[in-house]
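Enquirer: So the sequences go chain by chain: A and B.
Sequential numbering from 1 applies to the first sequence in this note's numbering.
Sequential numbering from 1 applies to the second sequence in this note's numbering.
No lab work stands behind these hints: they were computed from the structure.
Here are some, though not all, of the chain A residues that point toward chain B, as calculated from beta-carbon distances under 8 Å:
hint	residue
1	R55
2	T57
3	E62
Here are the in silico distance ranges between beta carbons for each label pair:
hint	chain 1	residue 1	chain 2	residue 2	range
4	A	A22	B	L286	23 to 29 Å
5	A	D94	B	K296	26 to 32 Å
6	B	Q209	A	K63	39 to 45 Å
7	A	A87	B	E205	40 to 46 Å
8	A	D94	B	L286	26 to 32 Å
9	B	D339	A	A22	26 to 32 Å
10	A	A87	B	E125	50 to 56 Å
11	A	D94	B	E205	51 to 57 Å
12	A	K63	B	Q72	55 to 61 Å
13	B	E225	A	G24	47 to 53 Å
14	B	D284	A	A22	24 to 30 Å
15	A	R45	B	A182	56 to 62 Å
16	A	A22	B	E271	37 to 43 Å
17	B	N347	A	D25	36 to 42 Å
Not everything, but these chain B residues come out facing chain A in the computed CB check (under 7 Å):
hint	residue
18	V300
19	G304
20	I311
21	G314
22	S346
Ideal Cβ placement from N, Cα and C applies to all residues, glycine included.
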Amino acid sequence: MQELFQDILNTDGVMGVMLFAANGDVLYKEFPTTDSAAPDQRNWRFLIESLEGIRETDLIFEKGRIYIRKTEMGFLVVLMALYVPIAMVRLNCDILLPSLQPSKPGRKLGRFFKK
Amino acid sequence: MIKNVLLVDDDTEMLHALKGGLKRYQESFAVLLAEDGLKALEILKQKIISLVVTDLKMPNMDGFELLAHIMQYYPDIPVIIITGYSTPEMEHLAREGGAVGYIAKPFLIENLARQILTTLRRESEGGTLHNISSGMFLQLIEMEQKTCTIRLEEKSGGKKGILFFSDGELFDARINNVQGEAAAHEIFSWDAVNLSIQNGCALKENRIQSDLQPLILEAMRRKDEKAPEGRRIKDADEAELVPEGVMEQIESAPETAADRLNKLKAKIEAEIGQQCGLEDLYQDSLWDYRVSQLSKIGAVFRLGEFMLAYIDRGDAHDYILMPGQKTTVVTVDPRCPRDKILRAISN
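With the hints as extra help, turn the sequences into a complete structure.
Expert: Structure (structure tokens):
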């Protein structure tokens, strides 16, 4: 699974990636660097609610940036430093998005993503 | 604002007699003296003059030459001719040359004073404002597409300057012998000014090839560079408005929020250009709840204060949200240079 997100995670300054289902469940998360970690948060429903009606958003904070993209499964969240070229991240997400679809019924259990 | 009236005559006795006689009007105008046209030109370079009263026959540069020079280089300055050799032809020539008044010697000082006061009153026929930031007011002028001449006096240093607008477009600026963009930059960097507005613009030729907003931004940048570290990012909008004259409508209109929106728009357009895709700027509390929700996301990731959000909802336009007492909303064309706009705003 990690290989799907590799290009995004390899972008200099990207701190982590999370994939949420539409109900707020965390489907995937990866925070490869030592100075970043997945937040200790169990209920992400607030995040899903705050993104209602949004197809794509780029949130800029004092110490970093969050790029969020709606997918067929829910939302893809990319956490990054302020200096990251957002166009590159967006392009990687464009490429990644077709792979982020729910598996069709009858496929092997646990196979969430298209390859 | 005390206005300067320049009296030009080679008869020094006459000059001093006039100055003495006009002393009683010192609350309305100050009197400066020059003994010929050339000396008058020197004073015109150093001071902001509201009116010139000149004799015709003088050595070095006579009254007609002076009048022609003023009409060419200082067309906003009215000229009254006084002469001891008055003929109908001379009066005709003087008026053709642009003189607003013509008085034959001998004359009563009161008559001259009356003409001076009447002429000076035109300087502020469009109203006066006290203690206002120049940039803030001038953006309004541009928005309202006014044709006017604005005389400004810096509150702290007492410097004086003039701006010429034609249909909202800045045609020229002048401080003493500095003209054009350099003068505009200085004027726009003044914190608080008193100003008077004269309807109409004597300049027919545009001497400034730049929009007003980039000029104001450049002035702000220079001012910020000059300011001591602790005083930077001082909000020029802090100046208090004191209504006076016929400017009430304009005075009540400027609100800090509206002005900030204008500045923001100007900033984006200055950094990216007119083709930046910016469509609208406004404040809308309907977005407040959304902004508070989005700011929570950053809190969870420990990213500090929420600065702004770019939102694509699949609509005809995208939104940029900035938190505040009321959310500031910028609508943009989805094809806009998103990153550049975000950088311009967040800078």
